[in-house]
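K.L.:
Use the sequences and the hints to build the structure in full.
Protein chains in written order, with our numbering: chain A, 253 to 521; chain B, 253 to 521; chain C, 253 to 521.
Careful: at least some of the hints might be erroneous.
Pairs count within a copy or across copies, as identical chains cannot be separated in the list.
Once the Cα atoms are required to be at most 30 angstroms apart in a straight line, the calculated DSSO-like pairs of lysine-lysine come out as [claimed, not checked]:
| hint | residue 1 | residue 2 |
| --- | --- | --- |
| 1 | K463 | K396 |
| 2 | K396 | K509 |
| 3 | K353 | K396 |
No wet-lab data here; the hints were simulated from the structure. The structure displayed is predicted, hence computed values, not measured ones.
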Amino acid sequence: MEKYKTSEDGLYFLSTPSGVVYQTYCDMTTAGGGWTLVASVHENNMHGKCTTGDRWSSQQGGSANVPGGDGSWSNTVTFGSAEAATSDDYKNAGYYDLEAKNVAVWHVPNDNRVESWKQTSFLRYHTETNFLNQSGGNLYHLFKLFPVTYNVGSCPANTGPSVPIVYDVGNAESTHNLYGPNVRANSEPGFITFRAINSEKAAMAICSGVKPTDCNTEHSCIGGSGHFPEDSPRQCGDFTGLDWNGYGTNIHWSASKQITEAAMLIFYR
Amino acid sequence: MEKYKTSEDGLYFLSTPSGVVYQTYCDMTTAGGGWTLVASVHENNMHGKCTTGDRWSSQQGGSANVPGGDGSWSNTVTFGSAEAATSDDYKNAGYYDLEAKNVAVWHVPNDNRVESWKQTSFLRYHTETNFLNQSGGNLYHLFKLFPVTYNVGSCPANTGPSVPIVYDVGNAESTHNLYGPNVRANSEPGFITFRAINSEKAAMAICSGVKPTDCNTEHSCIGGSGHFPEDSPRQCGDFTGLDWNGYGTNIHWSASKQITEAAMLIFYR
Amino acid sequence: MEKYKTSEDGLYFLSTPSGVVYQTYCDMTTAGGGWTLVASVHENNMHGKCTTGDRWSSQQGGSANVPGGDGSWSNTVTFGSAEAATSDDYKNAGYYDLEAKNVAVWHVPNDNRVESWKQTSFLRYHTETNFLNQSGGNLYHLFKLFPVTYNVGSCPANTGPSVPIVYDVGNAESTHNLYGPNVRANSEPGFITFRAINSEKAAMAICSGVKPTDCNTEHSCIGGSGHFPEDSPRQCGDFTGLDWNGYGTNIHWSASKQITEAAMLIFYR
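P.N.:
In structure tokens form, the structure reads like this:
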């Protein structure tokens, strides 16, 4: 990003070492700038359980036969576009080819235009520990080390790294309130956690803003393997079991409508 | 388009104000030229009812839980390519970012190469009223005003605008004959109508060539919401209920094979 | 390709006569070089029978109502990317627009990065007969002459061309061993065969490395029409019935895990 010598947020063309050219959004201002959008996780249909559009889990219905689901967290398949990152799943070549040290995450309400992402986001944070240095330099490599695959390990022994976060918008309390009261009672805010595993050995990719302290991780961690045994396929999907006690109710294990109807944007720096 | 100072139909690279570059087909000759292809609605499987490939309605099976379906009419998600616009659904960044005054529509038989679209099209028309001036300058904005969503209004009170058309190929009678006799008895040719609603409160995006005069709009209007209550999901799909009395039979409410097996290409100027 | 005056394998930007720009992998060294990757056939879920991701057969579930399936073998729809060609189906504009004489095929284990395709491929071969001269210059045109459509002909009368191959990696025996013993007993290695038809009149696109001598072609020939009548939809999918006697068992009619978990890359020259 440095070569652009610019401080404006917006769309830029980038290219990978092997010559793949792609266009994405860069945040040139937060905490020094230089953040490249590499992916978004968007729930197109909370009622669809591992159906079309669940590219960060599985589009195959939820089955032990496809333990890794669509495999998007650790392959080179790309999809979507930066401009539609709050209306559809998005993944560009930077996701697997950038060399980065930290991540930032924005939760932006669905169907927002690029110009209003920053203002409308209700949770934004980033890491400062350079944790990606230990994981191959990006999430593609991290998830090679910690596969998002059913039955690859158990809880809590095989949970991946929990990294402390610095808030840019929101705070520990507002983050916690996005999830149901049972999640609040069984997690610690102020972290981003990778590759959670639940009681039934389903794997999830990212627990945004929290470190789970129990094994019911499917109510706060999103993106997942192709099979979730508990009442299958009810927890299978890009937003897993965030609707377990009703869509957007924010009671028991259910998340709020605010986070359910927002895309999670992932940046590298 | 003007900057190209050219009068040849064909593929051009364009870019949006925010810098998105896309390639599409331009018609540089009809009625003064300057028409940019922004979308095509293609029925990949008339027997599939809101299944994979129904990007202008829903790929989620037809359900009241997804009233807006895939939301393509009023979001920034793009898909397909200009060269495949008669073999697959197509939508580019111009659809939501061009500032236009009028639309043109071509009905081109499926699987035609770009070079033969103009000759093989059996219905082509355009508007001349500058109606998009009142609707935000393109269909993305028009469908923000008139959402293609189940249960958002009722018929006939909430039907969107019907705009008179000028024929480039075909005429009022040939247009009418593309639809079933019951549609002919309940519509007026010579118009393009936006956001029709049917008796059961399902919404449709475009009635090509006609203004419905009843509320059985699912037999002439295409692209739609995610739920069609009547005998659900039989009317759900990119080409709605054009096969209601048999595929391509052109009896009762069924459309002709000619229009069922053709893509609807949408241009802006 | 010649204009690049280069002998390095890797990604290149190419453009079609009509101006479509695309990026793909070129093999500049095998047998004189100049091979352009135009497609890959990847099985995302051997247990999914004509479900999402079966772009070279059908994503519509397997039904006589969609005899041509998704139609990818003879239309201009493109999908995927070169870098993900071993993790997803891939098809670029070169597939339908290059003028070529021969094909090369590589079988590369799934989820391999571009740099390691050549080393990890376990079967690589090419034709030298210039057979595409008689078929319109590429597979798009060949499959217009020999449609991959259910019920378009019968076996053995309407089988398409079998072209002798020259091995770059592997040989007749290693090729044969990739398929089940019943396939070995009913096919001749050393050929690539196009548009096979089986006993039930389902059509397949490519029998890689073999010429079938019976009509149970669904156990060695891949990519296919939208309907496979025998025990429907069990043979429907990008890799047809390669799992007929168990996934990867390599007994009776089942193929080996090696070929089942590898993508078939198709090159032109």
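K.L.:
Hint by hint, say whether it matches the structure.
P.N.:
Comparing the hints with the structure gives:
1. Proximity of K463 and K396 under a CA criterion of 30 angstroms is satisfied intra-copy only: 21 angstroms inside one chain copy versus 39 angstroms between copies.
2. In this assembly of identical chains, K396 and K509 lie within 30 angstroms of each other by CA distance solely across copies; the values are 22 angstroms between and 32 angstroms within a copy.
3. Only within a single protomer do K353 and K396 lie at most 30 angstroms apart by alpha-carbon distance; the minimum there is 17 angstroms, versus 40 angstroms between protomers.
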